[in-house]
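> Heads up: the sequence lines are chains V and L, in that order.
Be aware that the first sequence starts at 54, since it is given in my numbering, and climbs by one per residue.
Be aware that the second sequence starts at 54, since it is given in my numbering, and climbs by one per residue.
Since the hints were made in silico from the structure, they are not lab data.
The structure presented is a predicted model; accordingly, all values stated were derived computationally and were not measured.
Warning: the hint list may mix true and false statements.
Simulated coverage check for chain V against chain L, where a stretch passes if three residues somewhere in it have a Cβ under 8 Å from a Cβ of chain L [stated by the list, open to error]: (1) 108-118; (2) 211-222; (3) 414-423.
Only some residues are given here: those of chain L computed to face chain V with a beta carbon under 10 Å [claimed, not checked]: (4) R72; (5) C338; (6) T408; (7) T425.
Here are some of the chain V residues that sit facing chain L, going by a computed Cβ distance under 7 Å [what the hints assert, rightly or not]: (8) Q68; (9) L69; (10) K124; (11) A130; (12) L131; (13) V149; (14) V194.
Idealized CB from N, CA, C, for every residue including glycine.
Number of protein chains: 2
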Amino acid sequence: MSNEVTRFRTGEDQQLTQRFAHRAELMQASEIRALFAVASRPEIVSLAGGMPNLSALPMEMMADVVDKLIKENGTEALQYGSGQGHPKLREQICDVMALEGIRAHPDDVIVTTGSQQALDLISRIFINPGDVVLVEAPSYVGALGTFKQYEANVVHVEMDENGLVPEALRAAIEAVRKTGQEIKFLYLIPNYQNPAGVLLPADRRTEILEICAAEKIFIVEDNPYGLLGFDRPSPNAMRAQDSENVIYLGSFSKTIAPGFRVGWALVPQSLKEKLVIAAESSILCPSNFTQLSISGYLADQPWRDQIASFCKLYKVRRDAMLESLEQYFPEGASWTKPGGGFYVWVTLPPEIDTTALMPKAIVAKVAYVPGTAFYADGFGSWSMRLSYCHPTPERIREGVRALGGVIRTEMENRAII
Amino acid sequence: MSNEVTRFRTGEDQQLTQRFAHRAELMQASEIRALFAVASRPEIVSLAGGMPNLSALPMEMMADVVDKLIKENGTEALQYGSGQGHPKLREQICDVMALEGIRAHPDDVIVTTGSQQALDLISRIFINPGDVVLVEAPSYVGALGTFKQYEANVVHVEMDENGLVPEALRAAIEAVRKTGQEIKFLYLIPNYQNPAGVLLPADRRTEILEICAAEKIFIVEDNPYGLLGFDRPSPNAMRAQDSENVIYLGSFSKTIAPGFRVGWALVPQSLKEKLVIAAESSILCPSNFTQLSISGYLADQPWRDQIASFCKLYKVRRDAMLESLEQYFPEGASWTKPGGGFYVWVTLPPEIDTTALMPKAIVAKVAYVPGTAFYADGFGSWSMRLSYCHPTPERIREGVRALGGVIRTEMENRAII
Chain V
54 MSNEVTRFRT GEDQQLTQRF AHRAELMQAS EIRALFAVAS RPEIVSLAGG
104 MPNLSALPME MMADVVDKLI KENGTEALQY GSGQGHPKLR EQICDVMALE
154 GIRAHPDDVI VTTGSQQALD LISRIFINPG DVVLVEAPSY VGALGTFKQY
204 EANVVHVEMD ENGLVPEALR AAIEAVRKTG QEIKFLYLIP NYQNPAGVLL
254 PADRRTEILE ICAAEKIFIV EDNPYGLLGF DRPSPNAMRA QDSENVIYLG
304 SFSKTIAPGF RVGWALVPQS LKEKLVIAAE SSILCPSNFT QLSISGYLAD
354 QPWRDQIASF CKLYKVRRDA MLESLEQYFP EGASWTKPGG GFYVWVTLPP
404 EIDTTALMPK AIVAKVAYVP GTAFYADGFG SWSMRLSYCH PTPERIREGV
454 RALGGVIRTE MENRAII
Chain L
54 MSNEVTRFRT GEDQQLTQRF AHRAELMQAS EIRALFAVAS RPEIVSLAGG
104 MPNLSALPME MMADVVDKLI KENGTEALQY GSGQGHPKLR EQICDVMALE
154 GIRAHPDDVI VTTGSQQALD LISRIFINPG DVVLVEAPSY VGALGTFKQY
204 EANVVHVEMD ENGLVPEALR AAIEAVRKTG QEIKFLYLIP NYQNPAGVLL
254 PADRRTEILE ICAAEKIFIV EDNPYGLLGF DRPSPNAMRA QDSENVIYLG
304 SFSKTIAPGF RVGWALVPQS LKEKLVIAAE SSILCPSNFT QLSISGYLAD
354 QPWRDQIASF CKLYKVRRDA MLESLEQYFP EGASWTKPGG GFYVWVTLPP
404 EIDTTALMPK AIVAKVAYVP GTAFYADGFG SWSMRLSYCH PTPERIREGV
454 RALGGVIRTE MENRAII
């Protein structure tokens, strides 16, 4: 027997990898992964990550909230909780959503481990292999990865500087339907979209809701950045207009802090039970400790003022980025002008491959995310996402200047300019 | 268009439920769910739940740890972290596992949102619909639910008072192989098993490892209770003997507190990358805040002494339960005698249906979990799980006395005694 054990351990045909389920083949590292390891080195100006800037977060206040929580309510905060999430926090989440015009009942809110988990669970509940999911072009890399793992056929729909183009949505639906495939839902980020930075205006929201209702396609509205408008409030959430046909995802990662991993889904009643069961199977219950920390912060601290401080901080960085893009990027490059959120989307001449350009940018001590990461179909090779959320304005200028130089040299080498 | 929208909202055939993926049919509420709502009423002695008893947790110390964490390292603790988990905590986890004979490298540890998430991700990576998963009879309800959602064919293997029976494992493997089905892995809880409370002795561990190695079946060793032995330390973990063929799951839920939702998987190298990708797709990253809270507690507090305090607290309750079972349960009932952990498994005469008995127990102000919850195949109708972890010894005696009365009456009515 012991010989058998030894043979087992060394035999190449006995690897765990040979036991993987079919779906494991779809679990591939994104191209951003390796990049982040490099981009996090201190000498590099990272315009790559989407990490919120916590320098404005009042840590003393936060420590007080958590200290009080443990001392006064520790046996609840550190215990297992409800699979749906803590009732008190679900009430407070309804107050937060009211700022974007949503009237909701706490019973319809499910607290998740960041809104990424909501994406995962919704995919699990709805996507059969081969089902079509419509997404913006480009779209959030984390959503694309999850849809892919559930073997969805991701179809991109054109955007412009005002977000998803309704006419393109109609055309995409028609084209997909002609192939006989089933469209499961439309996933979109209407506010300060990741990665494009654009905002979907109110009239387009209405038009898209009407198209989807008529075509019997439901909408997954992902809204982590809605309260981070710099100059004016965002239009009402799409969920505010339609409570039946929209699954709404929210998060405290960008308005408070991501380290708590607290997001939520607001869902039509018919979906709630399945979503809770899927959540319980996935993690039993979200952390009472992080939920009640957020809850205490919302109850005791001036969180609206704090969001205003974040907006001020990000606005200065957005301005630094747009000004330095204007100053340092060569003619032939264009970019979006975000009114909020974290991201600028840059489009270069089609001859420039932003993935191939990355090593040169790293040498010049600046990092970004190549555009293809935000497409399921290999498109986007001449675009890139720049984030301004984390570095100081000075570092942003330094990074954009360095990157502008790299791009200019590349364009000169290719005789584009 | 607006007519269409109205019709969409009221048309019964337009429900989201009709868009569910096939796998959503398998997401069904467990029978424990409705029960817990009733069992949590204060007048009921709940012997149903598996909630750790946090009365022994030093809340002042815990508050100090977290206060210090936020004040000194808040921008890291409240930020996004690594998908694999925080490097410092992964080192400390290796120290914890060393107590059960495991030598491991932090690179092979993946931090999860409770070990339930590890079960979910492992299922996702390995289980194709129809694959067989071998489990103890009975087994953990949360694992059964997850395996079912991934469309596994769960096959139970006989246990006795010393845990899984090696001969029964051989027979089960042979029987399954004859049907042509693929066995993906053996899932087991060697220490103070949930729900049976039994311990797998060292010699059986070795024998089961050898059987599985010879049969090329890997093992998922779930070990939340290993450090909660009351009278003597548990035998070394199975992973201590075999680093290639065992996926080990650990958790701080029972040794510190479940509200942090921090568990982990220790996996063979060939599995790590896929598991991290699956974890990122599921939740991006585990909470830095809860991980670093645990890390600070492990670094600064006498956590081994604290586990000893937990053991003392649970031992008193175990004794109260075993004594009162002896005193109040009628002849014809038998039960396991756990040396640690949270649970006693009671077997009644086969005429007694413990699910049907529940309403009578509730009237008598006591709750338990009916045995069928711990089987994938409807077996277990004359058994029940009693947990002694949470109530006071007095309440345990009160509950067991009431339950003994209910069972005695039922047996008299059925002329069993």
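> Against each hint, give a clear statement of whether it holds in the structure.
Hints, one by one, checked against the model:
1. 108-118: As far as the stretch 108-118 of chain V goes, the hint holds, because 6 residues have Cβ atoms under 8 Å from chain L.
2. 211-222: violated (count 0)
3. 414-423: violated (count 0)
4. R72: 6 Å, holds
5. C338: 8 Å, holds
6. T408: 20 Å, violated
7. T425: Violated, about 18 Å.
8. Q68: Constraint on V/Q68 satisfied, holds at 5 Å.
9. L69: 5 Å, holds
10. K124: Where the cut-off is 7 Å and the nearest Cβ of chain L is about 5 Å from V/K124, the hint holds.
11. A130: At 6 Å from the nearest chain L Cβ, V/A130 passes the 7 Å test, so the hint holds.
12. L131: This interface hint holds because 4 Å falls under the 7 Å limit.
13. V149: 18 Å, violated
14. V194: 10 Å, violated
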